[in-house]
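Going line by line, the protein sequences match chains A and B. Reading the first sequence from the start, the letters are residues 1 to 216 in this note's numbering. Reading the second sequence from the start, the letters are residues 217 to 343 in this note's numbering.
According to the in silico footprint, chain B covers these stretches of chain A (three or more CB under 8 angstroms from chain B):
1) 28–38
2) 129–142
3) 198–210
Derived CB-CB ranges, DEER-like:
4) A:A195 / B:R240: 28 to 34 angstroms
5) B:E254 / A:I108: 47 to 53 angstroms
6) A:Q33 / B:R287: 24 to 30 angstroms
7) A:A53 / B:T258: 33 to 39 angstroms
8) A:R60 / B:T332: 43 to 49 angstroms
9) A:K135 / B:E325: 16 to 22 angstroms
10) B:S341 / A:N132: 34 to 40 angstroms
If you are wondering where the hints come from, they were derived from the structure by calculation, not from laboratory data. Cβ atoms here follow ideal geometry from the backbone N, Cα and C, with glycine treated the same way.
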Amino acid sequence: MTSGASQFTEIEQDALAELANMGVSRAVSSLRQMVGQEVILSVPSVRVMSRQAASSLVERSGAKKLVGVQQSFEGPFKGKALLIFPETQSLELVRSIVGDQHSLEDIIDLEHEALAETGNIILNGCLATIANVLKHTMRMSLPSVIRGDGDTLFEVDGEGAGEQFVLFLYIDFSIKNRDIHGFIALLMDLPSIAALKTIVHTFIGDLEKQAVGHVG
Amino acid sequence: MQLRVLAVDDSKLARMVIANAFRRLRPEWTLLEATSAEEALTAVAAGTVDLALVDFNMPGTDGLELVANIRKTHPEMPIALVSANAQNEIIQRARDLNAGFITKPLTDEALAAYLTGAALRLKGSGR
Chain A
1 MTSGASQFTE
11 IEQDALAELA
21 NMGVSRAVSS
31 LRQMVGQEVI
41 LSVPSVRVMS
51 RQAASSLVER
61 SGAKKLVGVQ
71 QSFEGPFKGK
81 ALLIFPETQS
91 LELVRSIVGD
101 QHSLEDIIDL
111 EHEALAETGN
121 IILNGCLATI
131 ANVLKHTMRM
141 SLPSVIRGDG
151 DTLFEVDGEG
161 AGEQFVLFLY
171 IDFSIKNRDI
181 HGFIALLMDL
191 PSIAALKTIV
201 HTFIGDLEKQ
211 AVGHVG
Chain B
217 MQLRVLAVDD
227 SKLARMVIAN
237 AFRRLRPEWT
247 LLEATSAEEA
257 LTAVAAGTVD
267 LALVDFNMPG
277 TDGLELVANI
287 RKTHPEMPIA
297 LVSANAQNEI
307 IQRARDLNAG
317 FITKPLTDEA
327 LAAYLTGAAL
337 RLKGSGR
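Just chain A, same shape as in the assembly:
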């Protein structure tokens, strides 16, 4: 962990996990419509960790080669959202969306577009829920598909690029009856983590005030 402002209290960490859970749960309801199979989610985890640790975590599934769909978001805090899975499963995901009747050639042709669209639906759905609950607006970039190891996926551009720590908020998912599993991660640098902490703190404070108001 790092010092000062980026340390989350237990209730702030709880709030972030619950927000992530709501965002991702709503988003996978859309994914379920696309793939026609139930999507199974893990309990979310929120941690401030080094980029290195985050990258080892997603590589732990045994696949060093990963494919990610990323979208940058910007608002009161900024960062990037990633949908990540092992590269070997990318075609299987596309097949699960477009149907098994297509030839391998067709699937390869469709891969990039299908990945970008899947990422767009899931990541937008997830961030929109978080932004709505926190009552803030967030702008999202268009999705881009990136390939590489964990380090490549977790590179952060801009001011915070030199920071060693990121907020890693992740949930892993798998698709029933398909050999597909992956992660959804939100990455933020330290200035954004501090901004998010302030917003979450205010959000919890408002809930507490409502509670006190009703008692009195």
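Starting from the known structure of chain A, fit chain B onto it as the hints suggest.
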């Protein structure tokens, strides 16, 4: 009619949201909280619960497993699964267990509608 409601959620934030909604909607009812399936089963076994609101995605025993467990002893207790995960399979499993489904983020309208229906069912069953 004053009812005793059990809110089961591992997230403190989620329990705060439910508690605030109850203070607005049904301030006269008693709200109990449980942070896990195990705590929930203890409260249900103690006979202090009329109605339960159960989060789906919890560490250890998930919400649907918990509902199935409660059903063994309380086949008629009004229970709703509360989740943002509105996949057909999950809603169907809740239905199969004779439980309702309320979507997160929780709104007063959705909760009020569920509670009104549940209170009527309990009244009808003579509680």
